[in-house]
Amino acid sequence: MVTAASLACMGVSALVTLVLLIVILVVARRRWRFSLWSVTVGALVFVVFALLLEGGTHSLVFAAVPSLRSNPTLYTLYGALAAGVFEELGRVCGFAVLRASDRRPDDVGRALGAGIGHGGIEAMLLVGVGMVSSLVTSVSIINAGTSEAFLAGLPDAQRDIVARQFELLINTPAPLYLLGIGERAIAIALHIALSVLVWMAFTGRVRRWWILGAILAHALADAGAALYQSGVVSVVVAQVWALIVTVILALTVRRMYVYHSAARSRECAGIVNERRAGHERSRGNVAYAVGDQAASAARDANPKLDGHG
1 MVTAASLACM GVSALVTLVL LIVILVVARR RWRFSLWSVT VGALVFVVFA LLLEGGTHSL
61 VFAAVPSLRS NPTLYTLYGA LAAGVFEELG RVCGFAVLRA SDRRPDDVGR ALGAGIGHGG
121 IEAMLLVGVG MVSSLVTSVS IINAGTSEAF LAGLPDAQRD IVARQFELLI NTPAPLYLLG
181 IGERAIAIAL HIALSVLVWM AFTGRVRRWW ILGAILAHAL ADAGAALYQS GVVSVVVAQV
241 WALIVTVILA LTVRRMYVYH SAARSRECAG IVNERRAGHE RSRGNVAYAV GDQAASAARD
301 ANPKLDGHG
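In our numbering, the protein residues as written are 1 to 309.
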């Protein structure tokens with residue numbers, strides 16, 4: 001039986017995740033005025049590049065190399081780097097789509113919107129939908145006492161997998177279901193920071209090789225989750241690791257953005273001052289020419305001024 005406390009924590013986790021996403025979206029959009037289209041493109045990037053392309057690649061790789069799952073080191077390296085490569089290159093494609101289709105200014109708001117869309121749809125699918133699915137399964141199958149009948153109707157290849165999922169739902173302590181809230185909050189912050197970093201590289205605000213830096217940072221943040229899936233570390237250790245990497249990355253990206261924004265402001269101010277100085281020089285030349293013409297006219301009118309009278 002799945003306890004009432006576990007069922008309650010599943011529902012709270014799904015609800016809080018949804019509310020958190022809505023609050024982040026409303027507050028950020030009010031502050032930076034980005035379009036909902038940028039949020040939509042960010043969400044599509046996750047669906048296409050993470051779920052479809054990365055997921056399909058995982059199926060092919062694990063079918064070709066079954067032993068990969070049993071080697072924690074190789075599994076972590078492969079899984080973390082694959083997530084970084086697919087999702088960060090997906091962001092590059094997303095910003096290319098936004099540049100061609102979004103008429104709003106290509107400012108940091110676009111990057112924030114795309115990051116919120118990317119992290120938000122991931123939170124909804126992995127935690128929101130996942131928790132609701134677990135809740136329904138727990139109530140309608142496990143607690144209803146129909147587990148054995150349900151498992152008997154499954155093919156042999158799926159029966160053991162589903163049975164382990166049932167056992168996990170029964171044996172997981174209730175508070176662990178609430179960890180999904182913090183894990184998704186960290187993930188959304190990570191995606192926003194990575195989105196801003198890739199946007200700065202894509203728009204030329206920083207060097208293009210920072211896209212590689214985003215891939216490596218993403219892989220580093222996901223390493224804890226991969227080690228947890230391999231059974232090497234606990235879920236708490238994995239989340240603390242992701243939090244540390246995310247905080248360092250967010251502070252670094254913010255510092256880079258502030259520095260380059262200030263540099264661009266100084267550059268624009270220099271251009272304005274140079275144009276202003278050019279206008280002043282032009283005015284001086286015009287005034288000198290007008291004065292010279294007036295003096296010439298006066299000499300023509302009074303020859304004594306020419307020194308010959």
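Incorrect hints may appear among the rest.
[Unchecked claim] Cβ-Cβ distance ranges computed for the label pairs, FRET-style:
id : residue 1 : residue 2 : range
1  : Ala-262   : Leu-68    : 44 to 52 Å
2  : Leu-36    : Gly-145   : 44 to 52 Å
3  : Pro-175   : Ala-63    : 43 to 51 Å
4  : Thr-73    : Ile-161   : 20 to 28 Å
5  : Leu-154   : Val-247   : 42 to 50 Å
6  : Ala-163   : Leu-36    : 40 to 48 Å
7  : Arg-254   : Leu-151   : 25 to 33 Å
8  : Leu-36    : Ile-170   : 37 to 45 Å
9  : Gly-145   : Asp-106   : 55 to 63 Å
10 : Thr-3     : Ala-262   : 53 to 61 Å
In short, the hints are calculated from the structure, not lab data.
For each residue, glycine too, the CB sits at the ideal point set by N, CA and C.
For the hint 20 to 28 Å, verify it against the beta carbon of Thr-73 and that of Ile-161.
holds (25 Å)
Taking the beta carbons of Arg-254 and Leu-151, is their distance inside 25 to 33 Å?
violated (51 Å)
Please test the hint of 44 to 52 Å on the beta carbon pair from Ala-262 and Leu-68.
holds (46 Å)
For Leu-36 and Ile-170, compare the CB-CB distance with the range 37 to 45 Å and indicate the outcome.
Given range 37 to 45 Å: holds, Cβ gap about 41 Å.
Holds or violated: the 43 to 51 Å window for the beta-carbon distance between Pro-175 and Ala-63?
Between Pro-175 and Ala-63, where Cβ atoms are some 37 Å apart, the hint is violated.
Just to be sure I understand the hint, the distance between the Cβ atoms of Leu-154 and Val-247 should be within 42 to 50 Å; is that true here?
Because 43 Å falls inside the window, the suggested range holds.
Okay, Leu-36 versus Gly-145 on CB: inside 44 to 52 Å?
Holds - the Cβ-Cβ distance for Leu-36 and Gly-145, about 46 Å, lies within 44 to 52 Å.
Should the hint that Gly-145 and Asp-106 are 55 to 63 Å apart at their CB atoms be regarded as holding?
Roughly 58 Å apart at Cβ, these two residues keep to the hinted range, so it holds.
Range hint 53 to 61 Å: satisfied by the CB atoms of Thr-3 and Ala-262?
Cβ of Thr-3 to Cβ of Ala-262: about 55 Å, so the range 53 to 61 Å holds.
Outcome for the supplied range 40 to 48 Å, where the beta carbon pair is Ala-163 and Leu-36:
This hint holds: roughly 43 Å between Cβ atoms.
In summary, the structure is inconsistent with hints 3 and 7 from the numbered list given earlier, while agreeing with the others.
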